[in-house]
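There are 2 protein chains.
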Amino acid sequence: MTKHINKIKISSKNALTATEYLNGIKSGNRAILSKAITLIESSTPQHQKIAEELIEICLPFSGNSVRIGITGVPGVGKSTFIEALGSYLIEKKDKKVAVLAIDPSSKKSGGSILGDKTRMNNLSVNDSAFIRPSPSSGTLGGVAKATRESIILCEAAGFDTILIETVGVGQSEIEVKSMVDFFLLLMLAGAGDELQGIKRGIMEIADGIFINKADGENIDKAKLAIQEYKNAIHLFPPNSNGWTPKVLSCSAIENKGITAIWEVIESFIHLTTSNGSFSNTRKLQSKFWLEHTIDSSIKALFYANEEVNSKIKELENQVTEGVISPFKAARELITIFKS
Amino acid sequence: MTKHINKIKISSKNALTATEYLNGIKSGNRAILSKAITLIESSTPQHQKIAEELIEICLPFSGNSVRIGITGVPGVGKSTFIEALGSYLIEKKDKKVAVLAIDPSSKKSGGSILGDKTRMNNLSVNDSAFIRPSPSSGTLGGVAKATRESIILCEAAGFDTILIETVGVGQSEIEVKSMVDFFLLLMLAGAGDELQGIKRGIMEIADGIFINKADGENIDKAKLAIQEYKNAIHLFPPNSNGWTPKVLSCSAIENKGITAIWEVIESFIHLTTSNGSFSNTRKLQSKFWLEHTIDSSIKALFYANEEVNSKIKELENQVTEGVISPFKAARELITIFKS
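Here the protein sequences come in this chain order: A and B. Offset between the first sequence (1-based) and our numbering: plus 2. Offset between the second sequence (1-based) and our numbering: plus 2.
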């Protein structure tokens, strides 16, 4: 059945109840896990109804994993890195690894680049690994919500390590940071590469910065890059969880440095579980998702309002032209919304 | 009349129309400018009505200034720096300087630390300077809105340089960044001082980082700090406006380095007006304030809803305990709100 993972359609013939989904997921049925993720990505109202129920009943079985976010610009080697790390964890640490992805730019026709099974040859055929490409439609908010819910499903399925890929541009890093325990940034070494298009602020939210492709001629440049990033990190204010971000190099394609990287992640987990910040962070993240979802929902209500819609473009223009203040424009629109 | 600036109460005896306020402001009447700012800070509905009208009629006379944000932790020397910079601009550059402040923690009784006239001896008695402490009540959003509107009033009054102080902790930096043209970060030199409690991400939004108290024994440490910050900035991605943040040192109390700092700000203005990013940024800021005000207003509507209020604490607890998903909790609250 695993061969048909991407071809299962939700039809009334195949329709499962939430409980049937849960039982299949808990028993390790990959096809049902995939089908469940497709269900939660769906925007059809009847699917959403079952999906909502499914998430709630999965919740008591979730939480028992380490969630790791991985970002970096296209070309830095995320797929190769995930392949190396995932294989190491399965073969040497007896883990069960799920790989998810957030890529709001992913198009329906092509599927997403991230989590592309064809680039993770070992993992994609491994029974202890589960790879899911990014949902390919909708807003960043919708994609992030689906990913957040997929984590719950994968944990209920028994995966103890969840890797979540995202591209290092756009807004998705903040979303990923808010759903993982450890957030790592993959960089390249080499003069000029430091500017690599990473969005401002990502360096400061990383728990680990790992310089990839530290092989061949690049080894010396990688050492230099490590020192530069350590110096920069030294200038940042301390984290409230007591963790100082670590900088290491690796060569994912040569399978070097992966053990050391995992040891960094393990020491992070040890520190943060000991001092309580691990579970505290997860509570704050839940609260963040509650507020975040409320915000998006009421904004959606507002911007869907017909009268607001008919007036907003004109008022926006008046604001940027300096004809009326943004405050007056906002007040007019809110008054329209309330009435 | 300038002696009574802080003692003017808004009473029906003294009540001015919006047009009378505008005429007073444009003619250079300081007392009326102060009274107008007190008006816009007021939360009384009848004051708010006049305030709204006043802002709209001031708008055509606003915009003709350079707006500079100044942040740094308490103790870094912001007041002394503003005194030195403000005096230089008035005495050597023939400017008219207004000093505003955002300090949401400021208490009604004590007034705010920021913009404290008693620490700016020269400016506080100078006819070409106008100093206003932070509004002392309300939320950060309310304080930021009042400050944003005060800029409009000060510009209508003919001030061509607006300095806006904020403390380097909390959330106010993003608010200030969104209302200024140039955002500068004051730091101290010295081993360990780099960690100084500056919130993560502020370094990356600064257009200039200036190391203060570069005097006496600190001179060498200041040189070292300059190099460290330049190295860190080199690692950040480039700004879309083409500007590379500059790092300099100064000693505000010895009045050293101020000229060089103003030259940096002038070259920033020259670059960004030439390449169009100056006015483009102001347009984006206006749009930001429109969206920001809409967001706060509809959130306020939501959280003021009686039924929502009665359910929200319980649902929040269920979420952090992992009993229900944040998405389900949000949905329940939105359903209550819509009904």
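Hints in this document: simulated from the structure, not taken from any laboratory. For clarity, every value in this text was computed on a predicted model and none was experimentally measured. Accuracy of the hints is not assured; some may be wrong.
Treat identical chains as interchangeable: a pair holds within one or across any two.
[What the hints assert, rightly or not] With a cut-off of at most 27 Å between alpha-carbon atoms, the simulated DSSO-like pairs for lysine-lysine come out as follows:
(1) 330 - 51
(2) 258 - 94
(3) 28 - 98
(4) 285 - 330
(5) 28 - 95
(6) 340 - 315
(7) 37 - 315
(8) 313 - 285
(9) 98 - 223
(10) 98 - 51
(11) 51 - 313
(12) 285 - 315
(13) 51 - 315
(14) 289 - 313
(15) 98 - 258
(16) 340 - 225
(17) 179 - 330
(18) 330 - 37
(19) 37 - 232
(20) 258 - 289
(21) 330 - 340
Evaluated hints:
no.: 1; hint: 330 - 51; verdict: between (40 Å within a copy, 11 Å between copies)
no.: 2; hint: 258 - 94; verdict: within (14 Å within a copy, 61 Å between copies)
no.: 3; hint: 28 - 98; verdict: within (14 Å within a copy, 71 Å between copies)
no.: 4; hint: 285 - 330; verdict: between (38 Å within a copy, 16 Å between copies)
no.: 5; hint: 28 - 95; verdict: within (22 Å within a copy, 74 Å between copies)
no.: 6; hint: 340 - 315; verdict: both (19 Å within a copy, 25 Å between copies)
no.: 7; hint: 37 - 315; verdict: neither (41 Å within a copy, 35 Å between copies)
no.: 8; hint: 313 - 285; verdict: between (40 Å within a copy, 19 Å between copies)
no.: 9; hint: 98 - 223; verdict: neither (35 Å within a copy, 51 Å between copies)
no.: 10; hint: 98 - 51; verdict: neither (29 Å within a copy, 62 Å between copies)
no.: 11; hint: 51 - 313; verdict: between (34 Å within a copy, 22 Å between copies)
no.: 12; hint: 285 - 315; verdict: between (39 Å within a copy, 14 Å between copies)
no.: 13; hint: 51 - 315; verdict: between (34 Å within a copy, 25 Å between copies)
no.: 14; hint: 289 - 313; verdict: between (34 Å within a copy, 15 Å between copies)
no.: 15; hint: 98 - 258; verdict: within (21 Å within a copy, 62 Å between copies)
no.: 16; hint: 340 - 225; verdict: neither (59 Å within a copy, 57 Å between copies)
no.: 17; hint: 179 - 330; verdict: between (35 Å within a copy, 21 Å between copies)
no.: 18; hint: 330 - 37; verdict: between (49 Å within a copy, 21 Å between copies)
no.: 19; hint: 37 - 232; verdict: neither (44 Å within a copy, 51 Å between copies)
no.: 20; hint: 258 - 289; verdict: neither (38 Å within a copy, 48 Å between copies)
no.: 21; hint: 330 - 340; verdict: both (15 Å within a copy, 25 Å between copies)
Violated hints, in rising order: 7, 9, 10, 16, 19 and 20; the structure is consistent with all others.
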